[in-house]
Each structure stands twice: as C-alpha cells, then as structure tokens.
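Enquirer: Using the sequences provided together with the hints, build the complete structure.
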Amino acid sequence: MNNAIEISVKDLDLWFGKFQALKKISIDIPKNKVTALIGPSGCGKSTFIKTLDRMNDLVDNVKITGEVVYQGRNILDSDTDVVELRKQIGMVFQKPNPFPKSIFDNVAYGPRVHGVRKKANLNEVVERSLKAAALWEEVKDRLNESALRLSGGQQQRLCIARLLAVEPEVLLMDEPASALDPIATSKIEDLIYELKKDYTIVIVTHNMQQAARVSSNTAFFYLGELVEFASTIDLFERPRDKRTEDYVTGKFG
Amino acid sequence: MAAKRSEMVPMGLLWGAGIATLVILIVILAYILSKGLPLISWHFLTTNPGVRGQAGTGIYSTILATVAVTGVALLVAAPLSVGGAIYLNEYTRENLLRKVIRQAAEILAGIPSIIIGLFGFLFFVIYLLPYTGGWSVLSGGLTLAFMVLPISLRISEEALKAVPGELREGSLGLGATKWQSITTVVLPTALPGIVTGLILGMGRAIGETAAILLTAGGALGVIHSLRDPACPMTLYLYNILTEYNDTTTAYGTAAVLIIAILAITFVTDWLMNSYTKKLKGL
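Chains as they are written, first to last, in my numbering: chain R, 1 to 253; chain A, 1001 to 1282.
Treat the hints as calculated values from the structure; they're not laboratory data.
C-beta atoms are modelled at their ideal positions from N, C-alpha and C, and glycine is treated no differently.
It is possible that some hints are incorrect.
[As the list claims (entries may be wrong)] Anything over 10 Å on all C-beta distances counts as not near chain R; from chain A, calculated:
1) L1014
2) T1021
3) L1033
4) L1075
5) F1121
6) V1222
7) S1225
8) T1242
9) T1248
10) L1262
[Unchecked claim] Cross-link-like lysine to aspartate or glutamate pairs, in silico, DMTMM-like; alpha carbons within 25 Å at most:
11) K1161(A) - D57(R)
12) K63(R) - E1090(A)
13) K1278(A) - E138(R)
14) K1178(A) - D77(R)
15) K95(R) - E1169(A)
16) K1280(A) - D105(R)
17) K1280(A) - D1269(A)
18) K63(R) - E1169(A)
Expert: Okay, here's the thing in structure tokens:
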C-alpha cells in the first residue's frame, strides 16, 4: 500500500474573531485517495477544507496558526503564492457556481487566465476536461450555450471539469452534492470514484453513506476538533471514540 | 357594506397617489411635446441660434455644447466612479474608510447644484483659467463630473455588491488573480448595473442648468475646442426665456432635450436587457 502524504496539517488553530472554529487539528492527507470529512453542521469541516487552499483569506477577521505543509512548504506562510497554490489545489463548492458564460468559456476559463490562447489547445483541454468530468456526451453539441442553462447536476460536473482544466493535484470538494437530487448525486459520486485514480481528493459531506461509498479514509470533526481519523471501514465499524460512535450510529447529527 | 366602504376609501386614495405620478409625467410630456414638436425640423436641429434670439433659427450649437459638456463630465466621472466602486467593493473590507467614502458620495449628491456651480466657477473658471480657458466646455464638464460621480459611484457599488461571492470564489479557486477575476467575471456580470448608473449620471449632466450657468459661459457660437465658452441646451432654454421671452424656441429646445433623454433611457434599457438575457442564456 502506498502511504505517500499529500498534505500534512499540524496543530492548526483558527479563529473567527474571538470564536475558535478549529482546535489543534493535525492530520496527514494521503495522496491519490479520497479523504472524507464528516461531522455535524458547524463542526469546522468546511472551514478546515477552505484553509487548504487559503480560501479563508476572503473572510474578515480570521486568524490562523499552525502548519499546512504541501510540497515541502507551509502554505499558511504570508509569502505563499496563493494564485499558484490554487492552481494546484482546486475547490468545488457546495452550490454549483458556473460563470455566466458559455459552457466552453467556463471550462476554458482557467487555461485562459493562465495564458493559453491557441484555439486548438483550448479545444483539446475543454474536450478532455469535460470527458473526465463525464459531461462531454451531454454537452458536446452545445458548447456555446450558456452554462446557466444546464441542470444543477450538470452545472456541478461543469464546475469539476472547469477545475480539471487547470490540471490540479488536489481536489477539495465542499459538500459537492448537497444541492443536488439523488440521480445527480450518484453521478457525482461515480465521478469522484473515477477521479481518485489521478487526484488526491478531500471531500466534506454530512451524508455518512456518501462518505462510506466514496472514501478510503474518514475524519470525524466535532465542535472544531478532529475527533478521529481512520480508514473509512474502521471509523464506521470500529470507532474508537465514543463521540464518533454516537455520530455514526445516528445518536446525534 | 359600511365595512367595505371604509376599505375603499384608503385604497382609492392610495390609487390616486400612485396614478398621480403617471398623470403628472404624461401631462408634462404631452404639454411640452405638443408645443415643441411642431417646431422640430431638420432646419431647427442644424441651424445655429440667431443673434438676440431672432425667430426662424435653430439650436445646432447648443446641441453640440450639450454633447461636449456631457462627454467631458462622463469621461472624467466614469473611470473615477467605476474605479472607486471597484476599489471599495473588491479591495476594502467593510470598514470606516468605506463608510466615510460612501457617506461622502451621498452628501456630494445632495449638495445643491448652484453650490457645485459656485465651486466650479471659483475653481475651474477663475483659479484654473490658464488651463480651462475660463468659462468653457471644460469648466462646465468638470463641474458636472462632480455631480455625475456620486450617482454613478453608488449605483456601481450596488451592482458590484450584487455579484454573487461564489463567482469570485470560483474564479480565485481556479488560480485566477484578483484582477483577472474582476475583469473577466465580476465586471461583465455587474455591467448592466454600472451602465445604468452612468446613464442616470448622464441624464443629470444633460439636464443640469444652474451649475452650467456659472461655468460654461453661454456663448452661442459653434465650439471648436474644449476651452471655448459654450451654451448647452438647458442654459439656452433659460436664456431665451428670461432674456427674450421667446417661448416658442424654448418649447422646441425642451422637446429636443426630452426626446434625447427618453431615447437614451430606452435604448440603454433595451441594450442592457438583451445583454442580461444573453448572460443568463435565455
């Protein structure tokens, strides 16, 4: 078994003003696997995932201490090139957020802002990314239509395609299926299953079945703490912590 | 029945209040247009005003002056207001500076135009005379810019605020820089609102008289440079009424002004509607 570490987090504390949202989080996120983050609402899992590509920078009054080591450096350092970082660690958001542009322009957006201009290259990237996101067959004849005309599930797969087009190493997914119907959800899950061959994926979900279906490892967050991190099977079937057990058996949520 | 009647009275009054706005607008438009439209002809639009308001002449140079003065105002105010709005909304967090600037814009918008005109007169016409040429298109336009600026700034800021945060996150999340996100995602999405703000500001500039009276000079000749004195339509209307009691030409000029403003409003509305539709993929 390959135990390479993609991102290593050590003693991560995060405050919103006076409220401490993350407490001494330490976790090693394995490479080319799906890591699921579960826990009740407000437990800090979304906040945590946003720390991994510095998206919390956009929030007022945040204070973060500790280490998030990726490719040998602490990305929390103030001299980190966040633009470069976000090319390598991409995020899929809870609500699909396609740009009000055509399907093609959505997928080509990343390559374009990174300087790809040649139409042939863009065509190739767009086709490859849409295929990888399992959307190509549905949209190949209407690439110039507005992305806003797609269904919610298609929009979310488009957002994933848009991300794949910048060729990241890590995909962060913040409850990517929570706004979708069951059929669209299962398509996203199939897609995650495919993508984990090539990418390290961290997925936040409050759906435990989803965590069980797609992930190799699962972390349970509660009240800003990382209570338990184990292989998904162990965490669900042999939880070591009482709080984890209560949560996965549905005693609270 | 009594209960019903007590309901009918306030409703009727409120209906009347609502309808009053419409009636007032229609009466004004109908009155001015019915008096003014017959006067409008190719000759009226392309002939210069005569000396001392003599009959049978046109308003060509005053149309030109309105376009020039408004153009200067927009050229100055548009980058300042849109740039300022971008700075406020995208680069600062909700803090004291932002509140102060927003409050300042509101106060600026509320200052009576004659006072803005007074400042324009003292600053542009007198103090900066070597540069502005004194009473001139430039002095008038720059003064009007002060009046366009706060309107356009506030509306642009609202338009930017209405762009969903998810779009910015989406763009930044793909490794776009902040500036790239603003130019390629935020601004195109906010464009209809920004243009609306500029058009409202432009309407203000076209219609302004008091500030123009003190800064543009009022000369009726065709302008050849920005440093020439000029007489925009509003000022011409005022002058011929107060000095020559020439109501006929005044109605004609008023009709042209009204048609210009209506046309600008409708064309922009139409353009922005179709742009929004395209954005939404309808």
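Enquirer: For every hint, state whether the structure bears it out.
Expert: Now the hints, each set against the structure:
Against chain R, the non-interface label of L1014(A) holds: every CB pair exceeds 10 Å, the least being about 38 Å. At roughly 34 Å, the least C-beta separation between T1021(A) and chain R is larger than 10 Å, which holds for a residue marked as non-interface. Listed as a non-interface residue, L1033(A) keeps its Cβ farther than 10 Å from every Cβ of chain R; the least gap is roughly 39 Å. The beta carbon of L1075(A) is kept farther than 10 Å from every beta carbon of chain R, the shortest such distance being approximately 29 Å.
The beta carbon of F1121(A) sits about 44 Å from the closest Cβ of chain R, which is more than 10 Å, so the claim that it is off the interface holds. Annotated as non-interface, V1222(A) keeps its C-beta farther than 10 Å from every C-beta of chain R; the closest such distance is 45 Å. With a cut of 10 Å on Cβ distances, S1225(A) stays outside the contact zone with chain R, its closest approach being about 42 Å. Here T1242(A) stays apart from chain R, with its beta-carbon at least about 51 Å from theirs, past the 10 Å limit.
With 10 Å as the threshold on Cβ separation, the claim that T1248(A) sits away from chain R holds: the shortest Cβ distance comes to roughly 51 Å. Listed as a non-interface residue, L1262(A) keeps its Cβ farther than 10 Å from every Cβ of chain R; the least gap is roughly 30 Å. A distance of roughly 18 Å separates the Cα atoms of K1161(A) and D57(R); the hinted pair therefore holds under the 25 Å criterion. For the given pair, K63(R) sits about 21 Å from E1090(A) by alpha-carbon distance, which is consistent with the 25 Å threshold.
Restraint check for K1278(A) and E138(R): satisfied, since their Cα atoms lie roughly 21 Å apart, inside the 25 Å limit. The suggested pairing of K1178(A) with D77(R) holds, with an alpha-carbon distance near 19 Å, which does not exceed 25 Å. Simply put, K95(R) and E1169(A) have alpha-carbon atoms about 11 Å apart, close enough for the 25 Å limit, and the pair holds. Distance restraint check for K1280(A) and D105(R): the Cα-Cα separation of roughly 14 Å lies within the 25 Å cut-off, and the hinted pair is therefore satisfied.
Distance check on the hinted pair: K1280(A) and D1269(A) sit about 16 Å apart at the alpha-carbon level, within 25 Å; holds. For the proposed pair K63(R) and E1169(A), the alpha carbon gap of about 19 Å is at most 25 Å, so the pair holds.
The structure agrees with every numbered hint stated previously.
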